[in-house]
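Participant: Protein chains in written order, with the working numbering: chain A, 1 to 154; chain B, 1 to 785.
Hints were generated in silico from the structure; no laboratory data involved.
This structure is a prediction, so every number in the text was calculated from the model and none was measured.
You may find that some hints are simply not true.
[What the hints assert, rightly or not] Think about it this way: if two alpha-carbon atoms lie no more than 30 Å apart in a straight line, the pair counts; the simulated BS3-like pairs of lysine-lysine are: (1) B:Lys785 <-> B:Lys773; (2) B:Lys440 <-> B:Lys773; (3) B:Lys67 <-> A:Lys27; (4) B:Lys773 <-> B:Lys322; (5) B:Lys279 <-> B:Lys99; (6) B:Lys322 <-> B:Lys440; (7) B:Lys580 <-> B:Lys548; (8) A:Lys27 <-> B:Lys113; (9) B:Lys448 <-> B:Lys195; (10) B:Lys322 <-> B:Lys597; (11) B:Lys418 <-> A:Lys27; (12) B:Lys322 <-> B:Lys279; (13) A:Lys27 <-> B:Lys120; (14) B:Lys73 <-> A:Lys27; (15) B:Lys279 <-> B:Lys307.
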Amino acid sequence: MAFHRITFNVNGELEQADIPSNMTLLKMLRENLALTGTKNGCAEGECGACTVLMNGEPVNSCLVLAVECDGAEIVTVEGLSHDEQLDAVQQAIIDAGGVQCGFCTPGILISARALLDRNPQPSEDDIQTALVGNLCRCTGYVRIIQGVQEAARI
Amino acid sequence: MVMEETNTRIPSPIGENKIRLDAREKVTGAALYADDIQFGSGLLHARVKRSPHPHARIITIDTSKAKALPGVKAVVTGEDYPGYIGLYLLDRHIFCRDKVRYVGDPVAGVAAKSEQIAEKALQLIDVEYEVLEPVLDPEAGVSPEAPLLHPDLEEYEVANFISPKPGTNISNHFKIRKGDVESVWDECEALVERKYRIPHIQHVPIEPHVAIAKVNETGEVTLWGSSQSPFAQRNLIAKSLGISQSDMRVIAPYVGGGFGSKAGVSMEALAVVIASQVKGRPVKLLLTREEEFYTAFVRQGLVAYFKMGCDANGRLLAMENKFFWDAGAYTEYGVNITRASGYSSSGPYEVPNVKTDSYCVYTNHPVGGPMRGFGMPEMHAGLEQCIDELAGDIDMDPVEFRRINCLKTGSVLVTGSKMHPIGLPQCLEKTADAIDWGSKAPPSAPNKKRGKGIALMWKAPAMPPNAGSSAWVELAEDGTLTVGVGGQDIGQGAFTVAAQMAAAALGVPYEWVRIATPVDTLYSPYEWQTVASRLTWSMGNAVVNAAKDARRQILDLVAEAWEEDPQNLDIVNGIAVSYKSEREIPLKDIAIYGLPKPDDQGWLGGPVRGRGNFMPSYITGLDPETGQGERAVVHYTTGAQAVELEVDLDTGRIEVLRAVSAFDVGRAINPELVEAQMEGGFVQGMSSALFESMQLKDGVMQNPSFVDYRIATSTDVPLDFENIIVEVPQDDGPWGARGIGEHSMVPTIPAIANAIYDAVGIRMEGPPFTAEKIYLAMLDAGIVK
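In isolation and in its complexed conformation, chain B is listed as follows (with noise of 0.2 Å):
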């Protein structure tokens, strides 16, 4: 672990290896998630009718041999919900009305007594379709004669830093202007011009997607669900159906891994719907692991171009960058992941001339939705393949190439504004140290050929510019803590972190606090969403805001109490004391009776609740047209990972041998849990480099199981990880904290695929780098016969 020298003092135990707050309920069974509570036999099962077909117009909807068989509590479908729901863009009903745009869109909801009961209904609901043709590629979809997915486009509701374009499939068009890229390719000692094809994957959590909704008959609404965003599924999901925020209570255990798939709204208002029409009856919609796969969100796919120019010393002078986002039937985060990857498309380098088109195409494939990296592993995959190709033309090492166009502290950015103060460099030194760089040892078997890839990487959180954070902290008689947040843990040690800065800001040992869970709309303080890597740096400034809070009013009524100055006082292990005249009193004694006036006549203080908020006030818009602005995101976490492997000759068959990571994570303020991050997101990435993609065919997935998609398992892994924290403090940070959930898996497919490069001399189109594609390209290459 590197340090960066600062002069501020870090308490305790920010930067310790607190064990997770959690750790005990998980291992013994006791942690609760949204599928394990219990709800009696009063429960309702529900099941979802979907579409067959890609697109299509619907006809008739027949539900009355599904009413009429026993068991059925309700039947629903979209005529009785007219409202449009949305996180940045409102183009979808809760149940199609008109149409169909991807295979498994829900027509039609029903609630039985039991699950065999529902499902036997659905196939009691006759739907007539009249066909339509479907949009199956992104690229397609913006041709003029592509048909046409929206034509409402128009009046859909959208965000005001989104632009659709009415009259196309195009959701978004996201575009950057900076310098002349026209002006300079003929200054350009070597181009690399490559298109790159990344499929769509799943983000596979191990718990699928559960809500329960229950609508009572003045008709609040409760529900439990797994989720990372019940505020805003409380904000989204009222809006749509035009009753008040204050009526949508959403209850929100732990989350059995989300990695964006439970951000937002996916599935989660169908529950509601259905449950609003057996009013008092709580109602159960559990995905099954196929709809898991191609309902709820999925990562995009991706069709990228990049054309790129250095100078003889290897000076990038011009980046021009193509997307065409496959965003699916509808666009939940897929216009701001367009965004993202435009504002960010530079990759995380100064390039001095770059001109970006990032379009988000309708297509009636499964809908796009945020996954870890949000855009960023996609783009990477193939712009930092480009860079090492550049370095090559030039007989530059990759390395050196990378050394010299990174972005450092004051770096003019793709968005015209400036790099704030980054570790970038040193990540990329560290991480190319630690893999040998530059030495090659012998392949283990004489079939085999070795490699090594480094990649770099830069993310910033996509989100509003006003997404806000909030947080309470209460003492109890003994003088332990509780924190109310409204983020979520979803495996990444949010409660441990946030329990961290509360008990360093507040002053009372880590194991006095704990967190309440779960997260309940009705009593938790206001969370935008957990999504971005946003957290640690936003939620744990409400905290610590919070603790202060506390902190202050607790010296305040000592003070007053002791006829001391305040500037005397601190709170040290959970006991006030003043350096002036050394008394000294347990929180415990203080935190709800308060303290006797000094002439004994009365009482002074109270129960202690101290209050934080946080929100960013320094984001600036983009300009439409060239996309230029003086702020346009909070901050980056930039890193860098290499990875030495062997390809198999025989088989094609690729195995990681070894894996480094470096992060500039500001401060680390529990290094372990970091490093878990590290060490997590490079396996997710690993997997989607070597094994995952979602076989679309005509719109339908063909290997929507365990069997046919296969990700990662324990015998796939590297059992030799170095994982590097670097610390260049983030200014508005707590103790200098940006996060790092996401990032680890940004770099890992381009890592990867230089290894291959560099080990047998073969790149591909795009992931994933199964071992027949690999055998395959070197019986191509000639490489074997």
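Isolated chain A (complex conformation) (with noise of 0.2 Å):
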């Protein structure tokens, strides 16, 4: 198997990593960089719990390969919040009791704040469109709307 040397920004961090080739972005940042928050739901791009910000758009971890990572930006769940102040989303999706067991929300927290930062002031139509590929199976997402368009309210 062929290394490969990737450098890459992830959450405000230089990161450099020497990664097989087969090595998806979201095992690497879970195994290699220890950042779990970013779920694996179902490894083929599917159910959105593995949902990070690749140069400020969202994508599913899953499909991407590490090495395509080089020079890029990278945001996580844990890259959102910042000296312990919660982005706005966050702190949302808590008031509007939007969090059950939590496996999807870091997913649904990213999909959310790509939204925000392109359409500040999206519809319910908006958001529901925007989540769609990140599945939830506990709180039947109505909670998790209002506290999106709650965000998008501060």
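Using the hints, put the two chains back together into the complex; each one sits in its own frame.
Facilitator: And the structure:
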């Protein structure tokens, strides 16, 4: 197996890693960098639990090869809050009661952040569409959608 | 929200919408799940070789090539593990020994340095099978001609309330014989006879099953896993391996969704057995999403026959029900689902004559396990549609029909016992009001039809009569409280509710309480399992008892030190106070070091640790021939749901526009968490009604991926929810509380089915009510051309 040295930015910090060709971004984040907030729910790009921002766009990190991240800027759920100050969408989802088991939560927060970055005043429809790739089995989505709406208001 | 008047003082923070204890760590990614634990480079990866046949005899297993593969550390088969495992009926081996009984049955396991090597090793294991005729339908399975799947059924160890029929494929037959149905059919003004078929579905927790096991040189086992049942796993795996329960330690961090699939033992024992061959090395077994779909527990299929009749005034006279549960190859919980559906088979109605036969049938399908609702969603799916049809047959409004027949306080239940105080009639009224029952809004477009439907439900915790809980509370130097529990937070908010109860019972602010996590059978107090919607009630009682015990210790200490009567003392906001002397002292000043004696010569007290437990003592058995008995269950939670929906005549697509839920939870400890359960349960129920079905063809699941097995997404859900909390207190619940976690998905399928009928006048044999099926049914009925 060929190894590659890549340099990339994760949550504002420069990282370097020697990774095999077939390693996914998800695996690199969880195993090499111990950033385990990003979850593995299906490993086939369907559940959205592994969503991270790559150069500002939400991606399923299970479908991105780590070698593609050379020079990229990655934001995971661990990078949403700064100096113990939660991101507005994190706080709003807590306040709306949109957290249950929490396993889909990191991916949902990243998708929501990406939505709010490109559309600061989304409609209910916009939010539902932005989250369609993030499966949640606990909440029924309602309180999550309300949380994202509230985050947009702040 | 509706409050029932009571005279009991409800202390803070009971009934308050406290923010979840775990919310912050879950939104920052800090919350630890089993797969997040870092084991370092010594970690080995396990994979499992599974049967490709639904039913076959194992002739030989050749593992030599796999063992020779570099990087492979162990290869395990059933040969060395003769023990049986199971919760109520010990009917399976950890790895198959003589036969395989479903597609996915584990025949060998590998531990290797990487997942890739383990996967490659699986391909090098040669298994020779003699294919046997399978059983693929539960009704066919009970016929005398059916192949016998468990010839050794007679020898299996079984709980005393389960009745297997050796020599058949019936692992449990539960009967109700109440009154005499035959004598009243002629008196009925209307009769409905229907057959329903409920497909297998999957729990689909977003976190797949994972277990990491390590066995040390002396045989002591540590198991980290995503688990609803750490203590049951300790007990069942230890028993199967013939080791002491004390040598088996289970550590269970946060669970990323359970819904029953992570209860009991599913795949965890595989990891333990594999790890026992590589002593000292942690071994991780993580199911792929495909494995998750059909090798973890699934919700059993059901073929149900209902016959029911009423008189001209709409009074239910009789019901005759036959349930054939498609339990799959083994029955971890299926036997008890069969029992629960039997003793609840009247639905939430008072019916004088009931005859029920509920059969748990072995088939060569995936293993049926407990799923949110424990048989009740499947049973209510048909029953609540028959109720609507019966009402229609005598030209009575379905709400009025339910008003007449639904259970009230003191009603005689199907098992002969009396209904405890119950708020079901209020749930019905409030639900009907909220959905504007009786009025019909015009559809949103000319190609759509609009309808409303309603359904009731009941469900009891289904568990052994002596399922117990325990808890402890400990004060730290600063007076804050740590609460030990063995129940698990699987998303429902159990830890938050436990903290609220401990705070209220002891007299400290909620913010001072934390829960000792992760649950660890070495340190945590015993809890039977996080199932049956029993934690708020059962574990809650244990927590309250532990907090009261700590409180008593503190008050006795203060009374002695201050030479006062404990009756005059209280703990308010973390401060011990005397209403007599008006002295006060913060708990932090006494929690660890005690207090000086009144004469200042020596000390009193010591570190405070309260202990409490709870176990129901009043459950009696049921007569095996009639299903009648004094008190079969601890209590029933009841409720109602109604929906408004539209059917698209061009496509058959159903859009649920509005959902109303009302449940009698006894007392809402945290109303927002109760409402969250109502919404989440409704959407899971709606998903099962509209989309979900495991397509099993010759025992092989055809759709084991999220592409082909669709669950509800953010774009499928109605945003118009109304959640109504009814509170008729439970006599032995903490502040009157009883469970709500599972109940919210019980009435959803029939509420939707009844609304579809209201909209377009069609009824289906069973869910899912997919656009395609609805469209074809409308075509058949001539509604569309």
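Participant: For each hint, tell me whether it holds in the structure or not.
Facilitator: Structure-based check of each hint:
1. Taking the CA atoms of Lys785 (chain B) and Lys773 (chain B), the gap is about 15 Å. The hint holds against a cut of 30 Å.
2. Between the alpha carbons of Lys440 (chain B) and Lys773 (chain B) the distance comes to roughly 25 Å, so the proposed pair stays at or under 30 Å and holds.
3. Distance restraint check for Lys67 (chain B) and Lys27 (chain A): the Cα-Cα separation of roughly 27 Å lies within the 30 Å cut-off, and the hinted pair is therefore satisfied.
4. With a CA separation close to 26 Å, the supplied pair Lys773 (chain B) and Lys322 (chain B) stays within the 30 Å bound.
5. Of the pairs offered as hints, the one joining Lys279 (chain B) and Lys99 (chain B) holds, with about 28 Å between alpha carbons and a cut-off of 30 Å not exceeded.
6. Distance restraint check for Lys322 (chain B) and Lys440 (chain B): the Cα-Cα separation of roughly 36 Å exceeds the 30 Å cut-off, and the hinted pair is therefore not satisfied.
7. A hinted pair counts as satisfied when its Cα atoms are at most 30 Å apart, and Lys580 (chain B) with Lys548 (chain B) qualifies at roughly 21 Å.
8. Of the supplied pair hints, the one linking Lys27 (chain A) and Lys113 (chain B) holds, its CA atoms being roughly 16 Å apart against a limit of 30 Å.
9. Using a Cα cut-off of 30 Å, the hinted pair Lys448 (chain B) and Lys195 (chain B) holds, with the two alpha carbons roughly 29 Å apart.
10. Between Lys322 (chain B) and Lys597 (chain B), the direct Cα distance comes to roughly 70 Å. Violation of the 30 Å bound is thereby established for this hinted pair.
11. Between Lys418 (chain B) and Lys27 (chain A) the CA atoms are separated by roughly 57 Å; this puts the pair beyond 30 Å, and the hint is violated.
12. For a cut-off of 30 Å, the pair hint linking Lys322 (chain B) to Lys279 (chain B) is broken: about 50 Å separates their Cα positions.
13. Pair hint Lys27 (chain A) plus Lys120 (chain B) holds up; C-alpha atoms about 20 Å apart against a cutoff of 30 Å.
14. The suggested pairing of Lys73 (chain B) with Lys27 (chain A) holds, with an alpha-carbon distance near 23 Å, which does not exceed 30 Å.
15. Note on Lys279 (chain B) and Lys307 (chain B): the hinted pairing is violated, with a Cα-Cα distance of about 58 Å set against a maximum of 30 Å.
Hint compliance for this structure: hints 6, 10, 11, 12 and 15 are broken, all remaining hints hold.
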